[in-house]
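All chains, please: the whole structure from these sequences, using the hints.
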Amino acid sequence: MKCKPCGSPAVIEVRRHRAAFCRDCFLHHCREQVRRAISSHRMLGHSERVLVAVSGGKDSLALWDILLALGFQADGVYLGLGIGDYSDTSRSYAARYADSPAVAERGAKLHVIDIPTEHGFAIPDAARATKRVPCSACGLSKRHLLNRAALDGGYDVLATGHNLDDEAAVLFGNVMQWHVSYLARQRPVLPETAGFARRVKPLIRLGERETAAYCLLTGIDYIVEECPMAAGNRHLRYKETLNEIEDRSPGAKAAFYLQFLDQMLPVLDGVAEAERDLVGECSRCGAPSSAEICAFCKLVERATPPTDA
Amino acid sequence: MQVHLHNPKRDVEVAGPLRVADLVRQLGLNRESVLVICGDSLVTGDVTLADADEVEIRPVISGG
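Chain order of the listed sequences is A and L. Here the working numbering = 1-based position in the first sequence + 1390. Here the working numbering = 1-based position in the second sequence + 20.
Treat each hint with caution, since some may be false.
Claimed, not checked - Pairwise CB distance ranges, derived in the manner of DEER restraints:
no., chain 1, residue 1, chain 2, residue 2, range
1, L, ASP71, A, SER1398, 24 to 34 Å
2, L, ALA35, A, PRO1395, 31 to 41 Å
3, L, ASP66, A, GLY1660, 43 to 53 Å
4, A, ARG1408, L, ASP71, 29 to 39 Å
5, L, ASP42, A, HIS1569, 39 to 49 Å
What the hints assert, rightly or not - Beyond 10 Å from chain L on every Cβ pair, some chain A residues (computed):
no., residue
6, GLY1447
7, HIS1625
8, LEU1626
Just so you know, these hints were derived from the structure itself, not from any lab. Beta carbons are placed, not taken as given, at the ideal position from N, Cα and C, and that holds for glycine.
See below:
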């Protein structure tokens, strides 16, 4: 198989683009897809400071590397979740990349926030205490703490490694349940509002097969093993289902998600605005909340042992 | 050839020569969900793997 742009021997095929690429053309393709997503959705500018949520996995490390390669001022933040060996290993991958020349040459740095140390609970404890599935407690904690890290650090924007497969799977789940309010919020850019940093998803034009290949071809080591808490979750099942469709109809996932952005999100603008108007402030931490106490403060209260007065 | 698989980690022996796309299909995997690495190199579906090759099939789906 030959590289479509240059004719050299290819190392990867991307069937939805009806193309195969050599190493160099593939890396250019990935960076170009991110540049295009950033530009077409006006995600961020070169004068802005970006905080990248880094997990030690392929998507977030590829995102950090690509943003640096594109010349953005991007620091990283790693959130320790307290999931035993998995968290220790994922943190070591994040730290290893943070120590690499790609990061050092740009003067970028990695912030580390450890939930057990700083908030007194681990994600498995929180899941047990709240009777939530672990991924729910994890997602809630990430949204709250990463937003706070961006605001406290004076960053203009928080970037996450959600890729095309993630977004297509979330969209599939939201459509299956007709969660209209979730659909209205499923945007590649969530604008800055009171208490919320702007949040962007620059990888929406790259599938996770591409982000994994990007890491392999640039020599970025990442944690390959799946989070033990996520095994068999609904999100993974949706991804498998979508990949079965993609195998038969290459491009189906991209059409499903990117056409949602073009065709459906404008219709849902009114729903998103009405939701934003309902948001108040948490009486404990000041974070945006539609209830008196925000969901994260409730989670902390239930997941941590009571202290003697 | 020896094939390394993940989640759970295990090794299986598969007879070569065999095209990458056929190996993935034979193992019941979806080519959209994996990368195939022969030695240190990423390989495309049309490459023929030899009996002596060492191959890793790396999953790319993550559930976070």
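Hints, one by one, checked against the model:
no., hint, in the structure
1, L:ASP71 to A:SER1398: 24 to 34 Å, "holds, 27 Å"
2, L:ALA35 to A:PRO1395: 31 to 41 Å, "holds, 36 Å"
3, L:ASP66 to A:GLY1660: 43 to 53 Å, "holds, 50 Å"
4, A:ARG1408 to L:ASP71: 29 to 39 Å, "holds, 32 Å"
5, L:ASP42 to A:HIS1569: 39 to 49 Å, "holds, 41 Å"
6, GLY1447, "violated, 6 Å"
7, HIS1625, "violated, 5 Å"
8, LEU1626, "violated, 4 Å"
In the structure shown, a violation is registered for the earlier hints numbered 6, 7 and 8, in ascending order.
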